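**Student:** Here are the chains, one letter per residue:
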Amino acid sequence: MSARIGVVTFPGSLDDRDAARAISIAGGEPVALWHGDADLKNVDAVVLPGGFSYGDYLRCGAIAKFAPVMSLIIEKAHQGLPVLGICNGFQILCESHLLPGALTRNDHQHFICRDQKLRIENTESYWTRDYSMGQEIVIPLKNGEGGYVADEKTLDQLFAEGRVIATYQDGNPNGSYRDIAGITNSRGNVVGLMPHPEHAVEALTGPSLDGLGFFTSAINTLVNA
Amino acid sequence: MIDSVSHAEQQPDTQQPFAELGLKPDEYDRIKEILGRRPTSSELAMYSVMWSEHCSYKSSKVHLRQFGEKAPKTDALLVGIGENAGVVDIGQGWAVTFKVESHNHPSYVEPYQGAATGVGGIVRDIISMGARPLAVMDPLRFGAADAPDTRRVLPGVVAGVGGYGNCLGLPNIGGELVFDDSYLGNPLVNALCVGSMRHEDIHLASAKGIGNLVVLYGARTGGDGIGGVSVLASETFDADGPAKRPSVQVGDPFMEKLLIEATLEVLHAGLVEGIQDLGGAGISCATSELASNGEGGMHVWLDRVPLRDASLSPEEILMSESQERMCAIVTPQHVDAFMDICKKWDVEAIVIGEVTNTGRLVVDWHGEEIVNVPPRTVAHEGPVYERPYHRPEWQDALQANAPTPEVITRPESGDALKQTLLDLIGSPNLASKSWVTSQYDRYVLGNTILAQPEDTGMIRIDEESGLGVAIATDCNARFAKLDPYNGAKLALAESYRNVSVSGAIPLAVTNCLNFGSPEDPEVMWQFAEATRGLADGCLELGVPVTGGNVSFYNQTADTAIHPTPVVGVLGVIDDVERRTPMTWNADSDGELIYVLGDTLDEFGGSEWAHIHGHLGGLPPRVDLQREKLLSEILVAASRDGMITAAHDVSDGGIAIAIAEMAMRANIGARFWVQDDIAPFVFLFSESTARAVVVIPRSEELRFTEMCAARGLPAYRVGVVDSGLGADAGHPGEQVIVMGELFTFTIDQLRQVHEATLPAIFNT
Amino acid sequence: MARVVVNVMLKPEILDPQGRAVQGALGRLGLTGVSDVRQGKQFVIDLEGDLDADRSAKLEELAGELLSNPVIEDFTLTVVE
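Which chain is which? The protein sequence lines are V, L and X, in order. Residue 225, in my numbering, is where the first sequence stops; the numbers in between run on with no holes. Residue 763, in my numbering, is where the second sequence stops; the numbers in between run on with no holes. Residue 81, in my numbering, is where the third sequence stops; the numbers in between run on with no holes.
Everything labelled a hint here was simulated from the structure, so no lab data went into it. All values reported here derive from a predicted model rather than from experimental measurement. Backbone N, C-alpha and C define an ideal beta-carbon position, used for all residues, glycine too. Mixed in with the good hints there might be a few duds.
Straight-line C-alpha distance at most 25 Å; calculated SDA-like pairs for lysine to any residue [as the list claims (entries may be wrong)]: (1) K76/V with E65/X; (2) K433/L with A21/X; (3) K41/X with N106/V; (4) K153/V with P12/X; (5) K76/V with L222/V; (6) K208/L with G297/L.
Coverage of chain L stretches by chain V, computed from C-beta distances (three or more under 8 Å per stretch; other residues unrestricted) [to be verified]: (7) 157–163; (8) 251–265; (9) 446–457.
From just these sequences and the hints, can you work out the full model?
**Tutor:** Written out as structure tokens, the structure reads:
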């Protein structure tokens, strides 16, 4: 009896297959979800993967938020469905107002792909329970529009409520305010993360296995529920 | 008033601007002979573009023939030269297709779009073979790094390669970055793509089956890339002449991503009889090639082509190079299912024609026949030139001007040698390429095993078995300038060697031949020599050329670029788990470091000579038998787990190879100069057929005995040691000790190595 | 026939790296004294028929929901003709 985790494919999604692979390696059952179908197939959780949905036209994630599958996801997320948005997925979550703030163009203007050190700042959320507070991990970062921005009030609130789930270490790769790499909502079921844990699940192809924890956290919680 | 076939018949004496379109008088006459009348303006446009150098290979054909004539016998080749890309059997029912192409001139004009559409074009070549594209590589060459025009072109090119490739979801697994004055004004942007398919999925570009439909799908057609053809539009009798047309193509990677998914889905559903991508010469090329490869006849209704710009004339539509378009041959029974899949992916698709048995390509425009030609004459029977060529008069003097000690003073003291190493490792050609490669996604698809700065790119093809392929691209154009015949062999040797160090077995070759003007007999000689060298080299090594690309006219006024025959070699590895990394690791303390192969005093065309502003002498000797032996030993060592690491020795010699290994490992080592070789020669000579290997002590005897038995010289030159810092005066740090000559910390090396490109290109 | 122009700009407090890059380039290309550059987007929307109150309101709503991201952007909407 394993957890069924949906992975949404939008036109232009790129890391959906990698997310599915990571879910399998972590012991879950990946379920493919199509953007055009308002059907979540009874999954226990959802991953919005990285990529360039709709070519990043207009703004990253701006058009994806109107996809039929998203209206269902937004509704369920408000009711507690665990949702992990990675990179473009994070952008979609912000555009959908499931998370505060927005993602903007990297301050140095270039796309950047590097193995990024992060510090885990929250181990209560659905997707970070298998880490320990302050744990340092290295997972790939790859984006052109990864700068997290929000007004001072929101930033203060996020930190005060412990809703920042990870911060950049050893240098801020994209100009994100206060080095924020990922955040969660107050309930802890919706998490947005800029770097890519699904690329750090196999020694052969990634810089570490540090990314597995995001997936095992959700799977273990669901299986033991 | 349209220039239809009947109009051409009735008005035989109309003056036509064939010269402006690049056709010679005898070629124009030949067209009239083929058709039995003067061509319509549409037919003239078609012939002019399809018979251009870029599309017809008229200056290179006679030389490229050698790749077929001298092809080594091999069972691995499933599809050879002639198709969009070569297809190689890699075992377990898998095949891979790969090819490299150039997009040089457009990248000079519009760096971002030129590079982006170069990537787009090569990716479409791969999917039109029925393969899923898996990775890209980009051999790039620019003028001097600090030249103002390089600062104009390079950032745009890199952003374009990254912008398009990243958005398609294709990892960039390697390439080259070379700076040389000879490319100023003529940057070289070559793009490679590799894809895989099951044997049964291989598709060819042919239009078979009378009555089958020709479906155009993808982006709408606009005025991209028309440029010179618009002179024709002004020649039509249409009163509303078009506005100025751009010569540049603009790419949309998102559309291409949808195109890839739709194409793979229709291919796997068995809905396609033949397929072709639209690249140079757009619809003209696709229709004439599909027709001539198939039944020989096709009827096209050009007015059905979906347009972005309604003011385009039929000539312009035929010539347009709008990106992200494909053409498929579909049976009437399958066309609905085909359309459904396109709709699912939001890709526009429309039937624009059908396959016929007339042996003619006929194109109608609103009911009037504007093209009626035998398609073979357009696509395959273009002019073939035997351009004159002769060895340049200055070649002898160039070869005689070797970088001897009298010409350039050689460093002898430890300090001088150390400084030379630092100068080299910080020089633009050898400095860290991270500024470029960090703009490329290397992780997407989750199958990248090796990427830059490793010697070769390697991707996993089968997640169950671990089957993978390795690809390297190389060319030392300075070697090719000194001796084009051997320079081409050396490019092949280096690429072959780079694949072998990873433990993969080299199987096949692709090439991108970048040269100056074929109208210059000296350039033509370089081309003739280089193709001869490459063909001879491939035969000797047993790896066939599967396809490639020629780019001529890379020159400004009378100054041609160095002859630059870029050679790509693809190899196969049965399990990527056992690939050989390039350097030692945290568990390697005490492991032994060997140099395989012989080091001689060879500095002609070397990086050392280059940073002293010198180009002359002869390139290092070629020894393909030795390269083959080295390759076999490296593959065997990998298969039997005998070695921890292996790195190719090339630019900058052993010193640079060691420095690269040390920086990547971030762990120190102690070295000594080989007996009977002057330190300067040992450190910086660029002799070929050499590699640096790291061997566990437990394997040393077995490995050295294998080398001795096979006749490969192997010299112990070092030992891995993470504890050298204290004694070397750098407590707590990782250091490299070179005998009594010099010591440096890896941090110091890294600082120099990583500073160069950001200092120039960060605004 | 109606034409509506919607201009979208980043809110003043949001960092605009593209604007900054343009500012640098203008300076390097010989235009002195450029104190600031901000980069935005313009949407030109052609509508058939008249722009009545309902459509106007809808357009205003979509300008704030689709064409701009209210978290980081402001917009202005002008009816041209």
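**Student:** Are the hints correct? Go through all of them and say.
**Tutor:** A quick look at each hint next to the structure:
no.	hint	in the structure
1	K76/V with E65/X	21 Å, holds
2	K433/L with A21/X	23 Å, holds
3	K41/X with N106/V	18 Å, holds
4	K153/V with P12/X	16 Å, holds
5	K76/V with L222/V	16 Å, holds
6	K208/L with G297/L	9 Å, holds
7	157–163	holds (count 3)
8	251–265	holds (count 6)
9	446–457	holds (count 4)
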